[in-house]
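**Q** From just these sequences and the hints, can you work out the full model?
2 protein chains.
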Amino acid sequence: MYDVLKGMRVVEGASFIAGPICCQHLLQLGAEVIRFDMIGGGPDFNRWPVADEGGSLYWEGLNKGKKSIAINLARREGRELAIRIATAPGKNGGLFVTNYPVGGFLAHERLAARRPDMITIRVMGWADGRNGVDYTVNAVTGLPSMTGMTDLPEDQPVNHVLPAWDLIAGSYAAFSLMAAERHRRLTGQGGEVRVPLSDIAATTLGHTGQIAEAIVGGGDRPRLGNDLFGALGRDFVTADGRRVMIVAITGRQWASLVQALALGAPVTAIETELGVSFAREGERYRHRARLFDLIAQALLRLSFADAAAAFDRTGVCWSAYRKLSDAVAGEPGFVQGNPVFTPQRHPAGFTYPTPGAAATFTGLNRGPARRAPRLGEHTDEVLGDMLKLSASEIAALHDDGVVAGPGA
Amino acid sequence: MYDVLKGMRVVEGASFIAGPICCQHLLQLGAEVIRFDMIGGGPDFNRWPVADEGGSLYWEGLNKGKKSIAINLARREGRELAIRIATAPGKNGGLFVTNYPVGGFLAHERLAARRPDMITIRVMGWADGRNGVDYTVNAVTGLPSMTGMTDLPEDQPVNHVLPAWDLIAGSYAAFSLMAAERHRRLTGQGGEVRVPLSDIAATTLGHTGQIAEAIVGGGDRPRLGNDLFGALGRDFVTADGRRVMIVAITGRQWASLVQALALGAPVTAIETELGVSFAREGERYRHRARLFDLIAQALLRLSFADAAAAFDRTGVCWSAYRKLSDAVAGEPGFVQGNPVFTPQRHPAGFTYPTPGAAATFTGLNRGPARRAPRLGEHTDEVLGDMLKLSASEIAALHDDGVVAGPGA
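One line per chain: the protein sequences are A and B, in this order.
FYI, numbering that gives the first Met the number 0 numbers position 384 of the first sequence as 383, with every residue one higher than the one before it.
FYI, numbering that gives the first Met the number 0 numbers position 107 of the second sequence as 106, with every residue one higher than the one before it.
It should be emphasised that the hints constitute simulated quantities derived from the structure, not laboratory data.
Virtual Cβ for every residue (Gly too), placed ideally from N, Cα, C.
Example chain B residues on the side facing chain A (calculated, C-beta under 10 angstroms, incomplete):
| # | residue |
| --- | --- |
| 1 | I16 |
| 2 | D43 |
| 3 | P48 |
| 4 | V49 |
| 5 | W58 |
| 6 | T140 |
| 7 | P143 |
| 8 | T203 |
| 9 | G240 |
| 10 | D311 |
| 11 | P352 |
Here are the simulated DSSO-like cross-link-like pairs (lysine-lysine), alpha carbons at most 27 angstroms apart as the crow flies:
| # | chain 1 | residue 1 | chain 2 | residue 2 |
| --- | --- | --- | --- | --- |
| 12 | B | K387 | B | K5 |
| 13 | B | K387 | B | K90 |
| 14 | A | K5 | B | K90 |
| 15 | A | K387 | A | K90 |
| 16 | B | K5 | A | K5 |
| 17 | A | K90 | A | K5 |
| 18 | A | K90 | B | K90 |
| 19 | A | K90 | B | K5 |
| 20 | A | K387 | A | K5 |
| 21 | B | K90 | B | K5 |
Just a few of them, taken from the derived set where beta-carbon distance is under 8 angstroms, the chain B residues facing chain A:
| # | residue |
| --- | --- |
| 22 | G60 |
| 23 | D127 |
| 24 | P156 |
| 25 | G208 |
| 26 | L227 |
| 27 | R242 |
| 28 | T249 |
**A** Listed below in structure tokens is the structure:
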């Protein structure tokens, strides 16, 4: 945890990935995040992966360091409490991140009626309010028909396993919140910012030229197996059967690869034969089958250790493929030996390396990541500190079943 | 383009995706972005996809709306100009986004020597300075061994086609810049913020519980084909051969699906037989083979139109699979009919729908997206306005080959 955003207070009424990871990013830079949940847990409280005993490792990861208040949101009194928490006073408050629907009890207009400078960041499926999650939006993008081995039938989609749209939406929502907060500081104006997964996906494919490609560049990109599109890159196998990913996007990366594998003469021979220069990434891509043959043959004569040494000597851009467990245990600087991670014991009962911010602010102190809360662990603290309720008022809310503490 | 960040001025000395898309996000909310490039173009100037005539649709997409100055960075005078542009005075300036190496001529310390409150956002491959791009970092994560059909050999990786780590890094870098700028406003302090792809990947897998899963939850996740992990979701085919993605992560999504396909009786029969409740997503996942059979059979009796109507009536979370070209032309609100996109003619000579910000700031005016610059189009403007060079000084830089205008 850094102190960069210290003093900022964000309320989260959200579930699953985009909203919670947005607030996790804010928290890791120093913001205080108060998450409210239904008593017994929201729809993501048991999301897999889970530990043997049933605690959700997913929930722990996304919500570590947050303050948790458990509210009976099925009751009017509970919904009123949630609104009061979201709109609580304070110059650095009035920041609410949610995936509740546009027109529900957490509609921006209702919050702004309580606090005119309210900022609401609303993660959505489709911009028009249609149901959508990462995996359904991804089906629309066409990417599943571009993913996977080339011998698959054209109409066989291959889904991604990383919820990339959710994750991009999460960091983009954190960016949007910071922009809205800066704007409020300069103008006094709050407002609602909507971040739909559908627009995250469509703008991404627009910004990277893929929509233009589909319209003016010759239609849909074919399935390429593991080949990198538009330059040189693929997986290869070493003499001792290890698999590596090698990429030569820039001219320098290409020159390094040619040097590492001593391919100068055969590459020049192909260039002469074809009348092209492989200094251009487009030519490396067009004629990749020829180049892949050379590289594959060279690697089959090298052990992994020798290939790695040659690659690192000349500056090739490459990596070994790993299982995640191998990467965690054995890839230097990934988790082991990475100051971004600190061991932390979480409520499910396990101690494991727990990440802080992905960014390193050089010269500032990076404190350790904090553990996940138990559900409702901060119920009384939030009611007392934020809403200034007395001990007897808080006790009455417990007695009425409007709120609950941990273990309820 | 919104005006939310109007007045903020960001200098970009970066190539490929993460740095340029970070600045594209800032620009779309109103920041002025000045990108400097080598005369003739940086290493990403010809990156595919390209138009027939050779202009890069990728470069256009990532750099639209930016001011472009072309500098001979191989010369000392050119590097000095780049440093002066990055560190130019102005309360809302001194913001530099780059993927140049830590210790090179654009090292933060060198910039901070000119402008003590300088903020440098540096996108990197590995945090320790090792070479790495999206595709090599992804090989380490283990995700390629979890992607694709279950009949693949275990050691056959399947690469992603979306450079997800680059894209997450880009929006996270924009968030980091906003946080650093807020911190500077409050404390006067600038600094360097490093955003390595390796830490973006490792923290993401940590935040979503996958690292904990690999350590305490039973090792590496197996390849699941198109099945969603931990809940219910997969692709299915309708009677008329259309492919759809259906997801039931929440209890409500599951209830909607059971209702839409009239599966109440057979689902209850399986629950009774197994002694479980499919209201729990973990049970839906464990016994998914049984449920998939029911759903697949039901869909084979429904046309796509009938399935769509039933799904939308009960609120199922689903989508048809599309090719990207189909999605652009035919998915309502994705590109067609989406106010985020405006047609714009770009330097490669084509007019196509061009995206603005993924976020919608309700109540604020969203101006149209701007076209991409020609390389060096704003060379004289930047030298005159930012560095206050006279016309004769600018002419001398052109004559010396230190800078170039468009078409050079």
